[in-house]
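Chains as they are written, first to last, in full-length UniProt numbering: chain A, 1 to 280; chain B, 1 to 570.
It is possible that some hints are incorrect.
Computed, partial: chain A to chain B, Cβ under 10 Å [stated by the list, open to error]: (1) Ala14; (2) Gly18; (3) Asp26; (4) Lys30; (5) Ile42; (6) Val45; (7) Pro72; (8) Ser78; (9) Gly238; (10) Ile241; (11) Pro242; (12) Phe272; (13) Ile275.
Quick caveat, the hints were computed from the structure, so don't treat them as lab data.
Quick caveat: nothing in here was measured; it's all calculated off a predicted structure.
We put the CB at the ideal spot given by N, CA and C, even for glycine.
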Amino acid sequence: MRSYKGFDNDTVPAWCPGCGNFAILDSFKKALFELGIEPHEITLVSGIGQSSKLPHYLKCNGFNGLHGRSLPVATGISVANHKQKVIIFGGDGDTYGEGGNHLLHAFRRNPNITLFVHNNAVYGLTKGQASPTTEFGRRTKAQPFGSLSEPLNPIAFAITMDCSFVARSFSGSPEHLKNIMKMAINHEGFALVDILQICVSFNKVNNFEWYRNRVYEFNADYDLSDKLKAFEKSQEFGEKIPLGVFYSNSRLTFEKNIPVIKDKTLVSMQNFPDIKSLMD
Amino acid sequence: MNYTIRICGEAGQGIQTTGEGFSRLFSSLGYNVFSFQDYESRIRGGHNFYQITFGTDEIFAPKKFLDLVLTFDKKGLEYKNLLRNNGIVIYDANSLKQNEYDERFINCPFRELLKNAGLKNIYENIVSFALIANIFSIDKKYVYKVIHDIFVNKPDEIIEQNMKAVDIGYDFDMKKKINLPASNSEEKILLSGIRGIGIGAIGSGCKFYSAYPMTPSTGVFQYIGEHAKKFNIVVEQAEDEISAINMAIGASFAGVRAMTGTSGGGFALMNEALSLSGMTETPIVILLSQRPGPATGFPTRTEQGELLYAIHAGHGEFPRIVFAPGDPFECIHLTNKAFDLAEKYQIPAIILTDQHLVDSLYSYKKDLKIELKNRDYRLRSTDFENYQDYKRHKFLDFNKSNPLTPLAVPGDSKQLVFTDSDEHDEVGHITEDGEIRKKMLERRYFWKIENIRKYISPPKFYGNKDSKIVLVGFGSNLGILREIVNNKKISVCAIHFSEVFPLPIRENSYEFLNIISKSNLSICIENNASGQFQKLVESEYGFKFSHYIRKYDGRPFNYEEVLEDIYAIL
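The whole structure should be built from the sequences, with the hints applied where relevant.
So this is what it looks like as structure tokens:
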């Protein structure tokens, strides 16, 4: 492959003009290209939402499943064939709302999966309702009294659950995003990258200017495996929003903890065994 | 000639160990055995029983009347009302603090005997086991062997204590003997529905099993787990049933045979992903082990209340297969057929069973012939590399014997595999195109349904085909149908369906339709309140049953009760 354009396919994205998704797609293709990954070596998994359409717009193996269910599908794929790089694209609704329970348990399992969350703090595909990361009190057509739940802090949540790689980037900082993506893909274990993203159609508050005035890139001045320090850093969100890697550890992955697939992939062991010994 | 023993007491008193012990003992001596369990949804206390019928006659279903009751609780004393002639109840008057003066009650001081030997009360089930073996004059060496086999993985000390308990029970003179007719057949093996489905899945090359524990499906989950290491299977306890089925679909997409198992409530949660399997054409096998509903229902009891649910579950229109095995032997073969057809037609297949079948033990000849059909329908490595222009959902020629694009393993070649829960084009990408939608449905729905039906076997017949009374049933009721036919109290023909959806095509069902149309009485028998199987068969074949027998108290049919019901109809 001579350029990252080799990942292009001929499907025209069904995203709004100016959507942050374009930048995320572009950064991802560049990250894959720079890592020297071939299309057949990755399997992209997604659920439902504008973010989840991303796998359709590049050359790859892929499974675009149900709303919120990308993590279990990806876990099944990764266990069946741990040689594949399994990468998920989801949104804040898909990952933190509908799929919240699976996220909690993915933190516990630590499968070797990279999860990119397009976090635009709004439901775009269903046209503007509050999401789990919408700030308290924001009024929408479906929340006439304002959103009555506190927003989720995905970074703090992931650190608390000992997620093995936790980072944040911004769709308006494509170079930073690409580099974080590369680190996340290379990380062995479950990696969560929360990508702050603008929604030009439905989020009039957290627009490009809003983020541009707040985000800053940081390199942790603490040991990245220091959970307390990382947690402290994760509390910073408001006038200043840090972008970077907050936390990482080298826990054994779910796949490595399964003795059956220690030496070979499960898919390479697909056979029809003799069951005589079961009939005694 | 056969005998029926009921062992009863609270959960945690070793009822199951004793029951299984007797089942093993008698089957190892060559007797036919059928045993089933009745238990409550609790860990300690309550009232449970384990009932074993054994003898020289074939036996396929529960009996109502008992020859011997062994009870560790007071409730068990009430079963005197179910005793056959010469039937007895064995109990420990001291520990139950109750004396029965009726001559049918035999007091045996289990706990006192244990105390004198310096053993704990927990061995009372072993003492009573050995004592009953002696009543039937079974050589002590067989008793030792069964107990040893049950505790083989325990520390030596535990085995020794159990053997001591055997001696105490066996050597205690009850002054009571029951003459067992000699068994002239070879040692038999025991299979439960759990083992049947587990063996069928492992033998079909199942490599991934994910589930959330739910009675009565958990036994299969555990059985496959126990054998995971030897057969290279990954078994995962998912956070919920939604995750369980989605994981299995992911594993299947990635190239391995995958299965999940649950009961009604869990299956309800799986419905969305059942439909995903239909849309993405990803094969999957789902065990639906029924218990009475709705909602949490009777967690540990039995019912056939989800047939129509299983065949209609999931949103949108897509084909699926529903098999309802009648006994453990059919469990093995139909699980295998479910894996085969699921993969051949790239669809979900459901094994529909129930608590009664999964928890019951049936004896079989040791040289039982298992014939599995295993073919790998997937494109792997080099096959796939050379496959021209692979598109996961490519439209192939409908005139060909199989117009479905073979499943390919992602990563096995430079060609790409993509699929989508949205309506998709041939590559697998989202589309809004009406013409593509039509063509996809034609292959994904119509073509599959029409062709799958050709592989569905006709129902099986038991008894006299010229009989004017025909009993029809499905699934776990095979046992009761065979029991009625075998006992010849009444001349009946029984017809049993184990491949229930889609039903076999008319051409394959002529014999069934002929027999039923010539009968005077046609009786549909099923374990539910609304007659779901009756509705299904009547709507498919366009005739009306003249009568039905339905049971929906959460308990399986027993022989005497069904016979009475038939007499009532006559």
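Structure-based check of each hint:
Hint status for alanine 14(A): holds, given a least beta-carbon distance of 8 Å to chain B, under 10 Å. For glycine 18(A), the interface hint is violated, the least distance from its beta-carbon to any beta-carbon of chain B being 21 Å, above 10 Å. Look at aspartate 26(A): its Cβ only gets to about 19 Å from chain B, farther than 10 Å, so that hint breaks. Below 10 Å, beta-carbon pairs count as interface contacts, and lysine 30(A) has none with chain B, the closest being about 20 Å; its hint is therefore violated.
Hint on isoleucine 42(A) holds. Least Cβ distance to chain B is approximately 9 Å, under the 10 Å limit. Of the supplied interface hints, the one on valine 45(A) holds, with its beta-carbon coming within about 7 Å of a beta-carbon of chain B, less than 10 Å. Annotation: proline 72(A) was flagged as interfacial toward chain B, and the flag holds, the nearest CB pair being 4 Å apart, inside 10 Å. Satisfaction of the interface hint for serine 78(A) is found here, the shortest Cβ-Cβ separation to chain B being roughly 8 Å, below the 10 Å cut-off.
For the restraint placing glycine 238(A) at the interface with chain B, the shortest Cβ-Cβ distance is roughly 33 Å, beyond the 10 Å limit, so the hint is violated. Evaluation of the isoleucine 241(A) hint against chain B yields a violated restraint, the C-beta minimum of about 31 Å exceeding 10 Å. About 31 Å separates the beta-carbon of proline 242(A) from the nearest beta-carbon of chain B, more than 10 Å, and the hint is not met. Checking phenylalanine 272(A) against chain B: minimum C-beta separation of about 4 Å stays under 10 Å; hint holds.
Against a cut-off of 10 Å between C-beta atoms, the interface hint on isoleucine 275(A) holds, since the closest Cβ of chain B lies about 4 Å away.
The structure fails hints 2, 3, 4, 9, 10, 11 (numbered hints given earlier, in ascending order).
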